[in-house]
Amino acid sequence: MKELTFRQMMGRLEEITAALEKEDLELEEGLRLFEEGVGLIREARQRLSKASSKVEKLLGSMEEGLMTEEFELEEIEEDKDGD
Amino acid sequence: MDTMEQERIYTVMEVNLLADGLLQGLVIWVEGEVSNLRAYPNYTFFSLSDQEAVLPCVMFREAMDGMVFHLQEGTRILARGRLGIYVRRGQFRLNVFEAQEAGEGRLRREFLRLMRALSKQGLFDEEIKKPLPAYPDRVGLITSLEGAAIRDVVTNLARRFAGAKLVVRGVRVQGDEAVGDIVAALELFNRAYPVDVLILARGGGSLEDLHPFNTEEVVRAIRASSIPVVTGIGHEPDITLSDLAADYRASTPTGAAEAVVPSSREVLAQLKESEAILLAQTRRILHIHERGLALLEKRRPFTDPTMLVNQARQRLADAETRLSAAALSGIKGYEERVNASWRNLSRYPREYRELPARIEKARRDLASSVTVWMRWREREPALRFRELRAAVLALLSREENRVKLAGSRLEALSPLAVLSRGYSITTRAGEGKPLTDSGEVKIGERVDVKLHRGSLRCEVRESEPRKNGGS
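Protein sequence lines, in the order shown, are assigned to chains A and B.
All the letters of the first sequence, read from the start, carry residue numbers 1 to 83 under the numbering used here.
All the letters of the second sequence, read from the start, carry residue numbers 84 to 554 under the numbering used here.
Warning: the hint list may mix true and false statements.
Stated by the list, open to error - In the SDA-like style, the derived pairs of lysine to any residue whose C-alpha atoms are separated by at most 20 Å in a straight line are:
id: 1; chain 1: A; residue 1: K54; chain 2: B; residue 2: R255
id: 2; chain 1: A; residue 1: K50; chain 2: B; residue 2: A241
id: 3; chain 1: A; residue 1: K57; chain 2: B; residue 2: R242
id: 4; chain 1: A; residue 1: K50; chain 2: B; residue 2: R221
id: 5; chain 1: A; residue 1: K54; chain 2: B; residue 2: K213
id: 6; chain 1: A; residue 1: K57; chain 2: B; residue 2: R348
id: 7; chain 1: A; residue 1: K50; chain 2: B; residue 2: I360
id: 8; chain 1: A; residue 1: K54; chain 2: B; residue 2: K355
id: 9; chain 1: A; residue 1: K54; chain 2: B; residue 2: I360
id: 10; chain 1: A; residue 1: K54; chain 2: B; residue 2: E358
id: 11; chain 1: B; residue 1: K248; chain 2: A; residue 2: K22
id: 12; chain 1: A; residue 1: K50; chain 2: B; residue 2: A245
id: 13; chain 1: A; residue 1: K54; chain 2: B; residue 2: D235
id: 14; chain 1: B; residue 1: K213; chain 2: A; residue 2: E43
id: 15; chain 1: A; residue 1: K57; chain 2: B; residue 2: I360
id: 16; chain 1: A; residue 1: K57; chain 2: B; residue 2: E358
id: 17; chain 1: B; residue 1: K355; chain 2: A; residue 2: V38
id: 18; chain 1: A; residue 1: K50; chain 2: B; residue 2: Y276
id: 19; chain 1: B; residue 1: K248; chain 2: A; residue 2: E26
id: 20; chain 1: A; residue 1: K57; chain 2: B; residue 2: K213
id: 21; chain 1: A; residue 1: K54; chain 2: B; residue 2: G375
id: 22; chain 1: B; residue 1: K355; chain 2: A; residue 2: G11
id: 23; chain 1: B; residue 1: K248; chain 2: A; residue 2: L48
id: 24; chain 1: B; residue 1: K355; chain 2: A; residue 2: E43
id: 25; chain 1: A; residue 1: K22; chain 2: B; residue 2: A245
id: 26; chain 1: A; residue 1: K22; chain 2: B; residue 2: D235
id: 27; chain 1: A; residue 1: K54; chain 2: B; residue 2: E341
id: 28; chain 1: B; residue 1: K355; chain 2: A; residue 2: E56
Calculated from the structure, these hints are not laboratory results.
None of these values were measured; they are calculated from a predicted model.
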C-alpha cells in the first residue's frame, strides 16, 4: 500500500470521526475505526516531529526535461543581509 | 539705398513677432522639474528645470482642464508644447498643452490605469479566488535564488510545518527579463510539475523594482494558474497588481510561508482533539452495546425459560376455544335465519295474496283518474297538454315502482330463498307450522318436506332425540 500523504491522513481521520458519530454502528466496525484513527494520529505526530520539511530546487525546462536537486539553505545564508 | 533697405529699422513689436515667427510650429516633448508655480484662473505659469537650465512655461485653461494630475512644485513631468515668444514682453516660453508625470509618478499612473482596466475585466474579483489547501504536500516557490525572500520562505515553512515538501524555481525578479521568467515559471509548475500551492515572492523595493509584478503578463499568468497562487511581495505597504490577482495575498515572503502551511502546533492541537473524539465516540459505542446486552439479559425468556412453553400452550388453548365458538355461532346463525324466514312467511301471506288485487285496483284508479282528467281537459283546452302528460306518466311510474318494491321485499323475506341453498322445511302433514324438534312427531306419523323445488310426503321411521350441540 502506498504511503498516505499528510493531507490524505487528515482527510481519513475526519472521515473516521464522522463515521464514529453515527448512531447505529456495529461494535466490530467501531473498534476497527478506532484502531485505524489512533494509528493515523500516531503517524501524523511522527511526521510533524521530523526536523524540518524537505527543500528541493527545480532545474531544467519543459523542453529539455526537469530535474530536482537538494537545496541547502547555506547557499543563501552567505548572501548579504538585507531586503 | 539697398543697404538702407536691407538695414531697415524694426519696431520692438516687429522683432518679437519675427523671433516668434522663427520658432513657430516647433512642437516638442521636454522633461523637467516644476518650479516657480503661479496659478491664475485662466492660465498657469511655471518653470521646468534640470541641473543645467530653466525653461519658462505657460499652460492655458483648456490644457489645464484636460490634465489628469495636479501640477505641483517639485514634480518631475513630461510636457508637450509649442515654443514661442510672448511678444508684448519678449519672453521666450513653452506653451504647454499636454503634461504627464515622469519617472516614479508615471509608473504610478500607469499602475492605476492598468489596475482599473484589469479590475474592470474581473481579474481581481473575490469570487474567482481559489481556496488554499489545508495541508499541502508539495509547495512550489517562485522567487530569486538570491536575497532575503527565499530565506524567509524556506526558514519559516520549515519551522512551521514539516509535513510539506518545498520546491524552488529560481527566477529573475527585477529588470526586463523578470516578466518572462515569472510567467514561464508559473506555466512550468502548472504544466509539468504539479504542486498543491504556489508562492510568488520578492523582497521590498521601489515601484520601479516591483514593476514586473505590475505587468499585465504576470497578472494574467497568475489568474491562468490552476494551482492556487499566494503572493508575498515586498513589505507591508507595498501592493502590486500580482497581489490583487493572487488567490491569497500575504504582505511579505514570511507571511506567504505562514499562509500556505498550518503551524505544527495547530495541527498537533487538532490531532489531540481528534484523539479525544475517537476515544469518546468509541466509549459511547461500547456503552450502547453493553447496555443493549444488559437489557436483553433482563428479559423474561432469559430469566424464566418455561415462559415460552407456557405462552405457546396458552395460545393453543385460545385457538381451540375460538374455533369451537365460531362453529357454534355459524350453525346458530343459519337456524335463526330459517326460523325468522318462516315467521315472516306466516305473517305476510295475506298481504302477498292480496297483492295482485291491489295492483289491479291501482291500475283501475289510475285509469279513472286519466278519464276524469280527459274530460276535464275538454273543458279546459288552455291547459298545457305536455306538462300534464308528463305528470301523469310520473304518477304511473311511481305507482308501478311501489308495486315492484312490494314484490321484491316479499321475495327477499320468503323462506324460499333459504330453501334454494339446500335447507328444507318439515311440517306435520297438512299443517303449516314447521317442526323444530324430533320429539314433536311420533314414529309412523306422516310429515311434509318442502324443498326449494317441489315437496315430499314422508313417513317417520326412526327418531333420534336431540344431542347436545349437534343438529
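We went through each hint and held it up to the structure:
Under the criterion of a C-alpha separation no larger than 20 Å, the hint pairing K54/A with R255/B is inconsistent with the structure, at around 23 Å. For the hint linking K50/A to A241/B, the alpha-carbon distance of about 10 Å falls within 20 Å, and the restraint holds. Taken as a hint, the K57/A and R242/B pair is honoured in the structure, with Cα atoms around 19 Å apart against an allowance of 20 Å. Proximity of K50/A to R221/B is assessed by CA-CA distance (about 16 Å); at most 20 Å being required, the pair is judged to hold.
Distance hint between K54/A and K213/B is unfulfilled; the C-alpha atoms sit about 25 Å from each other, more than 20 Å. Distance check on the hinted pair: K57/A and R348/B sit about 27 Å apart at the alpha-carbon level, beyond 20 Å; violated. Proposed proximity of K50/A and I360/B is contradicted: the alpha carbons are some 26 Å apart, above 20 Å. Taken as a hint, the K54/A and K355/B pair is broken in the structure, with Cα atoms around 25 Å apart against an allowance of 20 Å.
Distance hint between K54/A and I360/B is unfulfilled; the C-alpha atoms sit about 32 Å from each other, more than 20 Å. This hinted pair does not check out: K54/A and E358/B have alpha carbons roughly 28 Å apart, beyond 20 Å. Of the pairs offered as hints, the one joining K248/B and K22/A is violated, with about 36 Å between alpha carbons and a cut-off of 20 Å exceeded. Restraint check for K50/A and A245/B: the C-alpha separation of about 6 Å stays at or below 20 Å, so the hint holds.
At roughly 15 Å between alpha-carbon atoms, K54/A and D235/B fall within 20 Å of each other, so this suggested pair holds. Only pairs whose Cα atoms come within 20 Å are accepted, and K213/B paired with E43/A is rejected, the gap being roughly 30 Å. With a C-alpha separation of about 40 Å, the suggested pairing of K57/A with I360/B is violated against the 20 Å cut-off. Proximity of K57/A to E358/B is assessed by CA-CA distance (about 37 Å); at most 20 Å being required, the pair is judged violated.
Annotation: proposed proximity of K355/B to V38/A holds, straight-line Cα distance about 10 Å (limit 20 Å). Between the alpha carbons of K50/A and Y276/B the distance comes to roughly 25 Å, so the proposed pair goes past 20 Å and is violated. With a C-alpha separation of about 39 Å, the suggested pair K248/B and E26/A falls outside the 20 Å cut-off, and the hint is violated. Between K57/A and K213/B the alpha-carbon distance is near 26 Å, which puts this suggested pair outside the 20 Å criterion.
Between the alpha carbons of K54/A and G375/B the distance comes to roughly 52 Å, so the proposed pair goes past 20 Å and is violated. Of the supplied pair hints, the one linking K355/B and G11/A holds, its CA atoms being roughly 15 Å apart against a limit of 20 Å. As the CA atoms of K248/B and L48/A are separated by approximately 12 Å, the hinted pair is consistent with the 20 Å bound. Restraint check for K355/B and E43/A: satisfied, since their Cα atoms lie roughly 13 Å apart, inside the 20 Å limit.
For the given pair, K22/A sits about 33 Å from A245/B by alpha-carbon distance, which is inconsistent with the 20 Å threshold. Taken as a hint, the K22/A and D235/B pair is broken in the structure, with Cα atoms around 45 Å apart against an allowance of 20 Å. Proximity of K54/A to E341/B is assessed by CA-CA distance (about 16 Å); at most 20 Å being required, the pair is judged to hold. Taking the CA atoms of K355/B and E56/A, the gap is about 31 Å. The hint is violated against a cut of 20 Å.
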